[in-house]
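Chains as they are written, first to last, in the working numbering: chain D, 1 to 115; chain P, 116 to 432.
Calculated directly from the structure, the hints in this document are not laboratory data.
Hints should not be assumed to be uniformly reliable.
[Said to hold, decoys possible] Chain D is faced by these chain P residues, among others (derived, beta-carbon under 8 Å):
1. R234
2. E280
3. R284
4. V286
5. S289
6. R338
[Stated by the list, open to error] Here are some chain P residues the structure puts well away from chain D; computed CB gaps all over 10 Å:
7. G282
8. W287
9. A322
10. R429
Don't be surprised by glycine CBs; every beta carbon is placed ideally from N, CA and C.
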Amino acid sequence: MLLTLDIEDGRPLHEQAADAIRRAIADGEAEPGDRLPPARDLADAMSINANTVLRALRELRAEGLLEFRRGRGVTVLRRPDPESGLRAQLRDLVAEARRRGFTTADMTRWIEEES
Amino acid sequence: MNHRKAFLVLSIAWTVVVTIALVVPMILLRERLPDPIATHFSGAGVPDGSTSLAMFPLVVLPGWLLLAVFAVIAGTVGRRRAHRAGSAAMLGAVAVFFAGITASTLWTNLDHTAWQDARLPVWHVLPVLAGAAVAGFAGRLIGNRGPDEPGAESEADDAAGLDLEPGRRAVWISSVSSRVLVIVGAAGVLVGVGTLVLTGWQVALPALLVGIVVSALSTARIRVDEQGVRAAFGPQRFPVRRIRLEQISGARVARHRALEVGGWGYRVLPATTAIMLRGGECLVLRLNSGRDFVISVDKPDRGADLVNALLAERSAM
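Kindly produce the complete structure, drawing on both the sequences and the hints.
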């Protein structure tokens, strides 16, 4: 499973971890029915604490993407719906724009110009 | 004469010379040796096993010849330079090892009338191992020449299957587990615990040890990141085998059966090293040394993509 993480992301780590895993599922790195790697390995790979990963996994379970099974680890239930995929992209875009000094108001104006 | 033919001729000549060198001292020195001679020693160097003088060559030669023939075939049939280098290293190291233990045994027995009087100086072990290592290194230097032959493998397409996005760090993780080893390990632990309850710990210990060691090595977790490839064994994530990105020249996916890489487990062959826990899809890393590093792992495609993408980034530096 390929995970990509934003290096300059300033958001809380559990949100970043949830995003990375959500994105991996959306990209088909883990298919519905697949078992996710143990939280310990995910944490190792992302260089964060295992409890932070666990928090991210719980968030994804709450979204209905994951299922925790006793003794069988965490499995992927379904892919994120298109909206949450788009919103993840939007979150990235907003973060990127902020980094470059644009405000949300600028972005709203751009969206209106585009549509 | 191409390099494969040269390898074949030289390696056969070497095998014959070493075989003669192993046998001749046994014949020349037979007047000064006890019969039988001491051939097995306890840790303190006191003999606890003997072999008749006539049988001694039959103890030494089959092992040498089996390994030598294997190396000759592997170096000739394999069409890459790494096959010749690895096989030549093996021929050198194995020859010195067998010559060393033969010399040590003959020396230890020399001028004793009964094999029980022989004493093996423990330091003999060191020069034999050191000599074998040096000979292996020399063999590698001698054998490591000539080009890979065309068609030795399907050419890997250089089109990157993955482009790294700027500002993002990519990590790939996967795992592999061997059903056979998991079952054997669990059975070992069960038998061990069972005998521990029913009899004493002395009886239970071997089964327990086998069970625990096999269980510990029955799974592996593989990770690819900007540092390279890392394989950690078992739930304890230890031992760890690392291959730095600088050592790797490319990655691909191939299907291998365990027999093709020498069996299950951690396998070193003349041109390949393998972490083989199950047959099937493997991540194959081509190292700069020309060797292949084969890791059996689930869904290796993206791992190979990431290695190649990281290598492509590196080539920009």
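Review point. Going back to the hint list, which numbers does this structure go against?
Key: 1, 7, 8
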